[in-house]
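Novice: Here is how the chains run, residue by residue.
There are 2 protein chains.
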Amino acid sequence: MKILRVNMGGKEGPEVSITNLGEYEGLGGRALTSAIVSKEVPPDCHPLGTENKLVIAPGLLSGSAGAMTGRISVGCKSPLTGGIKESNAGGQPAQVLARLGYAAIVLEGKPSSDNFYKILINKDGVKVETANEFRGLPNYDLIEKVKEQYGDKVACISIGTAGEMKMSAASVACTDPDMRPTRHCGRGGVGAVMGAKGVKVIILDDAGMKMREPANPEAFKEANKRWVEALRAHPVTGKGLAAYGTNVLTTIVDEAGAYPTYNFRQGRFQGAAKISGEELAKREKERGGNPTHGCHRGCVIRCSGIYNDKDGRYLTKQPEYETVWAHGGHCGIDDLDAIAMMDFLEDNYGLDTIETGVTLGIAMEAGLIKFGDAQGAINLIHEIGKGTPLGRILGNGAAVTAKVFGVDRVPVVKGQAFPAYDPRAAQGIGVTYATSTMGADHTAGYAIASNILKSGGFVDPLKPEGQVELSRNLQIATATIDSLGLCLFVAFAMLDKPEAFQAVIDMINAFCGWTWTRDDFVEYGKKILKWERDFNTRAGFCPQSDRLPRFFKTEPLPPHNTVFRVSDEELDTLFNF
Amino acid sequence: MKILRVNMGGKEGPEVSITNLGEYEGLGGRALTSAIVSKEVPPDCHPLGTENKLVIAPGLLSGSAGAMTGRISVGCKSPLTGGIKESNAGGQPAQVLARLGYAAIVLEGKPSSDNFYKILINKDGVKVETANEFRGLPNYDLIEKVKEQYGDKVACISIGTAGEMKMSAASVACTDPDMRPTRHCGRGGVGAVMGAKGVKVIILDDAGMKMREPANPEAFKEANKRWVEALRAHPVTGKGLAAYGTNVLTTIVDEAGAYPTYNFRQGRFQGAAKISGEELAKREKERGGNPTHGCHRGCVIRCSGIYNDKDGRYLTKQPEYETVWAHGGHCGIDDLDAIAMMDFLEDNYGLDTIETGVTLGIAMEAGLIKFGDAQGAINLIHEIGKGTPLGRILGNGAAVTAKVFGVDRVPVVKGQAFPAYDPRAAQGIGVTYATSTMGADHTAGYAIASNILKSGGFVDPLKPEGQVELSRNLQIATATIDSLGLCLFVAFAMLDKPEAFQAVIDMINAFCGWTWTRDDFVEYGKKILKWERDFNTRAGFCPQSDRLPRFFKTEPLPPHNTVFRVSDEELDTLFNF
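Chains as they are written, first to last, in my numbering: chain A, 1 to 577; chain B, 1 to 577.
It is possible that part of the hints are untrue.
Heads up, the list lumps identical chains together, so a pair's fine if it works in one copy or across two of them.
SDA-like, lysine to any residue: derived pairs with alpha carbons at most 25 Å apart [unchecked claim]:
{"#": "1", "residue 1": "Lys110", "residue 2": "Ile369"}
{"#": "2", "residue 1": "Lys370", "residue 2": "Ser113"}
{"#": "3", "residue 1": "Lys39", "residue 2": "Lys221"}
{"#": "4", "residue 1": "Lys527", "residue 2": "Pro558"}
{"#": "5", "residue 1": "Lys463", "residue 2": "Cys45"}
{"#": "6", "residue 1": "Lys239", "residue 2": "Glu469"}
{"#": "7", "residue 1": "Lys127", "residue 2": "His560"}
{"#": "8", "residue 1": "Lys526", "residue 2": "Glu469"}
{"#": "9", "residue 1": "Lys497", "residue 2": "Leu21"}
{"#": "10", "residue 1": "Lys147", "residue 2": "Asn216"}
{"#": "11", "residue 1": "Lys370", "residue 2": "Thr50"}
{"#": "12", "residue 1": "Lys153", "residue 2": "Gly125"}
{"#": "13", "residue 1": "Lys123", "residue 2": "Leu368"}
{"#": "14", "residue 1": "Lys110", "residue 2": "Ala338"}
{"#": "15", "residue 1": "Lys147", "residue 2": "His560"}
{"#": "16", "residue 1": "Lys11", "residue 2": "Ser113"}
{"#": "17", "residue 1": "Lys39", "residue 2": "Thr554"}
{"#": "18", "residue 1": "Lys553", "residue 2": "Cys45"}
{"#": "19", "residue 1": "Lys239", "residue 2": "Ala215"}
{"#": "20", "residue 1": "Lys210", "residue 2": "Thr573"}
{"#": "21", "residue 1": "Lys527", "residue 2": "Asn115"}
Calculated directly from the structure, the hints in this document are not laboratory data. Note that the structure is a prediction, hence the values are computed from the model and not measured.
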């Protein structure tokens with residue numbers, strides 16, 4: 001495996017170089033993006049400046065025949081948080097890029113002109129060409145143009161208009177098996193950094209390339225078989241996610257009283273049933289869509305889906321739970337069609353649906369539109385796409401929008417908007433929001449598993465006890481999972497079934513020729529978190545950066561009427577390992 | 001002396017209480033605002049929320065017959081920096097408020113309605129009344145309305161439209177002896193906090209009140225006489241400032257190559273002569289204005305002035321050097337009439353001229369208008385006044401504007417825009433920008449004195465040696481000066497003339513009945529800085545917060561082609577006292 005570096009600031013235009021992994025040998029996905037960013041990017045550089053780097057890395061097992069290994073990590077210094085960022089997504093690019101033999105693409109420097117470029121990578125090598133004809137195209141339109149030129153067998157990594165405008169809520173889009181730009185590295189403004197590098201789209205064509213060969217093919221095949229069986233046997237990964245998608249959570253989290261409603265004013269939403277996963281799947285079936293679909297080759301969980309409009313035409317992929325929430329309960333909107341439209345628009349403009357949805361709620365808080373005004377919210381998303389001054393504000397996320405409009409109720413940590421779980425009724429996720437190197441990020445240590453879903457044991461969601469340990473263990477394990485290319489949902493099986501965890505260890509060893517134990521799995525995660533934490537410290541984060549906004553500690557959340565009670569002193573022990 | 005507290009969030013409307021100084025005895029001005037903020041405001045509260053407090057305190061000697069004692073301090077947690085803030089101004093309110101017997105006004109809580117209020121303070125007591133008829137009035141228009149109701153002998157502390165909209169560049173305006181709202185506590189968004197408290201104007205009427213009596217009247221009179229003589233004998237305080245105002249600096253700083261031009265790209269501006277203090281004074285005289293005017297009763301330096309338009313009608317007060325620079329060299333504008341118009345507009349809307357001018361340059365950097373486009377810049381200021389989305393962006397300052405428009409060249413520390421001196425050609429001021437508890441603030445430790453003006457000795461501006469010690473000593477002394485109510489310009493005389501320093505010590509002792517030595521003067525300043533620093537640490541500042549933006553360390557500034565060379569390690573020693 002090689003590292004492909006493209007210096008976008010070369011004197012005569014972009015300069016391509018291909019090197020061995022060298023000191024980065026043994027790293028993939030998040031481990032590789034965080035290693036490169038923490039070692040090569042000056043922590044005090046401007047995220048949109050020439051010294052930042054955008055690192056795109058498939059997981060360590062991506063490109064293999066292993067199930068669920070299709071995640072790709074994108075890393076950089078984040079324009080949203082000012083700290084290190086790793087944001088990962090499914091879709092096709094991880095598998096294709098890995099089969100092309102690249103452990104990472106590193107975009108460096110900054111064009112001196114305002115040209116936009118496309119990067120084509122195939123079996124013959126790498127071409128970087130100007131692509132100003134793509135300027136201003138939203139993701140879906142862009143991919144149509146790419147199809148015309150390169151056919152529909154390629155995989156794409158692209159930015160929409162938000163990324164071109166270097167907005168802090170801009171995502172990096174990855175195409176799915178139907179070549180739709182539906183899988184997004186959403187969080188932290190990674191799309192803005194790609195925009196600052198002047199790269200509109202990376203086109204990956206693995207025609208003529210083979211699946212990656214394990215060090216020990218037989219052992220790998222056997223471990224993978226056990227792995228698939230374990231995933232199929234678990235109720236969440238084998239059944240729940242396939243039936244209803246991630247939005248199965250709406251009913252569960254609302255029932256738990258942890259569903260943040262009207263900008264974190266209450267923990268239950270009257271309209272929850274109308275936007276639930278059950279309702280979503282029903283509607284998808286009725287309209288000829290599909291609630292059960294895999295987002296990448298090799299997926300056996302198949303939590304993604306297709307959402308058609310009233311006339312049975314494709315509208316968007318099945319919106320994720322967090323997307324439904326951000327535009328739903330958070331904004332007081334209970335209209336699935338409107339939410340699906342917003343999901344499409346944000347995928348198209350290239351925006352993080354969590355950050356954008358939370359921002360729309362802040363716009364409601366500021367009085368720009370009323371809570372529950374779905375059409376008003378849709379109009380605001382179009383403002384972002386058009387890049388009007390109002391759109392530029394919103395496209396830079398919740399914290400900036402709150403600041404510009406003088407709103408003092410702002411659910412962010414390290415400048416990044418809270419996802420779909422209220423930390424007052426699920427204290428473990430609050431620990432993750434507060435302490436994660438990524439800013440408020442549920443995927444960094446999904447304590448909802450043990451707080452609400454009773455996966456991996458049970459830790460009372462309303463009490464502070466045990467939450468730091470829970471979040472710490474999850475954050476460590478997640479860092480490794482994010483490095484292997486595994487979809488995070490496999491964690492449900494790994495937490496509950498020792499044989500699932502063992503299958504993963506066996507797959508790693510068979511693929512890489514290693515002799516990992518479970519301890520090595522944990523140590524790998526710790527190493528990554530330490531790199532990230534070290535970068536953040538050098539970038540200016542301090543213990544006070546690891547805090548929830550004050551109102552979560554002072555304002556009780558109905559219906560449980562609890563506040564966040566994990567003490568600052570306990571939070572400060574999270575990285576004691 | 002009493003503390004007047006107004007809880008704007010009282011259940012039945014604002015609640016007034018008047019208490020003794022208690023633990024705050026012996027404190028005035030900045031010492032008092034910083035003590036109250038650091039002790040009473042939760043460092044993690046939202047600056048625009050109910051728990052922040054706006055503290056307005058005349059200096060310890062304000063209201064006395066002492067010369068130059070007319071400064072008033074406004075303190076709070078800053079919406080611009082997120083740290084503690086003290087911003088002071090001249091004008092009439094310090095003297096009048098002190099004569100009314102108040103050491104401080106503390107605005108607390110937050111109205112639950114969207115009412116705006118006026119606070120009237122006179123010999124009969126305190127009245128807080130709704131003043132929604134003042135809503136939306138810029139400062140000059142507001143003061144005209146106040147005159148109609150209360151006559152032209154009162155002094156006012158007010159916010160314009162920017163403060164009403166809670167913009168982070170919003171100032172608190174103080175009226176001058178001509179009852180014009182020309183003297184602003186500009187920095188750090190103190191006007192936004194006043195707006196969040198729902199207070200539009202504070203009207204101070206000292207009719208029937210007497211000058212404050214010193215503990216030892218004869219000794220005070222005698223010390224004050226020596227003080228005035230010393231000020232008159234120094235070339236800067238006795239002559240230079242009166243003749244040309246603070247804008248005398250344009251020629252000097254430009255000559256020194258430290259005049260930041262085109263958003264800190266070069267240290268000299270071709271148009272400097274056209275906007276110099278010499279040219280300004282000439283024009284003021286020609287048009288029947290006045291280059292020599294005192295901003296408050298008891299001023300003997302008289303650095304303020306009156307700028308008339310081409311037809312001889314009052315346009316604005318004489319713009320300060322930093323204002324002329326922010327709209328001049330920084331934006332590439334060499335048209336004094338345009339700059340004077342912008343000064344007027346910003347005073348009227350209630351905006352910090354430094355933050356706003358720097359922001360206009362960022363808007364130019366972003367391509368909204370071209371460098372040098374004076375009319376374009378004027379139009380943008382009107383956008384702020386109108387509160388359009390674009391105006392809201394700009395009104396929140398340089399860092400927010402840069403973020404919203406994806407600009408990566410941003411001259412701010414702790415979110416606050418750099419003033420008019422490039423730290424690469426005046427390294428001492430760079431130390432102050434980096435380390436001041438206030439964010440980038442030249443007045444916090446005016447190292448230009450010794451770097452360029454050779455006052456208080458000479459420290460080579462291009463070398464790192466000695467700059468930390470210089471800045472440290474100035475920051476300490478300034479904290480005390482800001483607490484006494486003394487105008488900072490007195491420091492030139494105090495630095496150069498032992499008898500001036502001694503006169504100040506004697507005045508303090510005679511007024512307060514103390515037995516201060518020069519050491520006590522220094523210890524008082526240290527104590528204030530420690531309170532401020534401690535608040536900032538608890539609010540989340542760390543060593544990395546005390547850094548200049550990276551480009552000052554990597555990009556040489558013509559004509560000297562120097563970079564900022566004071567090391568991080570040295571910066572971190574500033575508070576070692």
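Novice: A separate judgement is required for each hint: does it hold in the structure or not?
Specialist: Results of checking the hints against the structure:
Taking the shortest Cα distances, Lys110 and Ile369 sit within 25 Å of each other only across copies (23 Å), while inside one copy they are farther apart (38 Å). When the C-alpha separation of Lys370 and Ser113 is checked against a cutoff of 25 Å, the pair qualifies only between copies, where the shortest distance is 18 Å, while the shortest distance within a copy is 42 Å. When the C-alpha separation of Lys39 and Lys221 is checked against a cutoff of 25 Å, the pair qualifies neither within a copy, at 35 Å, nor between copies, at 65 Å. Proximity of Lys527 and Pro558 under a CA criterion of 25 Å is satisfied in neither setting, with 39 Å inside one chain copy and 44 Å between copies.
Proximity of Lys463 to Cys45 under the C-alpha cut-off of 25 Å is restricted to the inter-copy arrangement: shortest distance 24 Å between copies versus 40 Å within a copy. In this assembly of identical chains, Lys239 and Glu469 lie within 25 Å of each other by CA distance neither inside one copy nor across copies; the values are 29 Å within and 68 Å between. Taking CA atoms no more than 25 Å apart as the test, Lys127 paired with His560 passes in neither setting, with 57 Å inside one copy and 42 Å between copies. In this assembly of identical chains, the alpha carbons of Lys526 and Glu469 lie at most 25 Å apart only when taken from the same copy (14 Å versus 42 Å across copies).
Taking the closest pair of Cα atoms, Lys497 and Leu21 never come within 25 Å of each other, the shortest separation being 34 Å inside a single copy and 66 Å across copies. For the homomeric pair Lys147 and Asn216, neither the shortest alpha-carbon distance inside one copy (37 Å) nor that between copies (89 Å) is at most 25 Å. Taking the shortest alpha-carbon separations for Lys370 and Thr50, only the inter-copy value of 23 Å comes in at or below 25 Å, while the best intra-copy value is 41 Å. In this assembly of identical chains, the alpha carbons of Lys153 and Gly125 lie at most 25 Å apart only when taken from the same copy (17 Å versus 80 Å across copies).
In the homo-oligomer, the alpha carbons of Lys123 and Leu368 never lie at most 25 Å apart, since the shortest distance is 51 Å inside one protomer and 44 Å across protomers. When the C-alpha separation of Lys110 and Ala338 is checked against a cutoff of 25 Å, the pair qualifies neither within a copy, at 38 Å, nor between copies, at 36 Å. Taking the shortest Cα distances, Lys147 and His560 never come within 25 Å of each other, neither inside one copy (52 Å) nor across copies (54 Å). Taking the shortest Cα distances, Lys11 and Ser113 sit within 25 Å of each other inside one copy (11 Å), while across copies they are farther apart (59 Å).
Taking identical chains as interchangeable, the C-alpha atoms of Lys39 and Thr554 lie at most 25 Å apart only when they sit on different chains, with a minimum of 19 Å there against 39 Å within one chain. Only between protomers do Lys553 and Cys45 lie at most 25 Å apart by alpha-carbon distance; the minimum there is 11 Å, versus 33 Å within a single protomer. With identical chains, the CA atoms of Lys239 and Ala215 are never at most 25 Å apart, being 32 Å at best within one copy and 85 Å at best between copies. For the homomeric pair Lys210 and Thr573, neither the shortest alpha-carbon distance inside one copy (46 Å) nor that between copies (59 Å) is at most 25 Å.
With identical chains, the CA atoms of Lys527 and Asn115 are never at most 25 Å apart, being 38 Å at best within one copy and 54 Å at best between copies.
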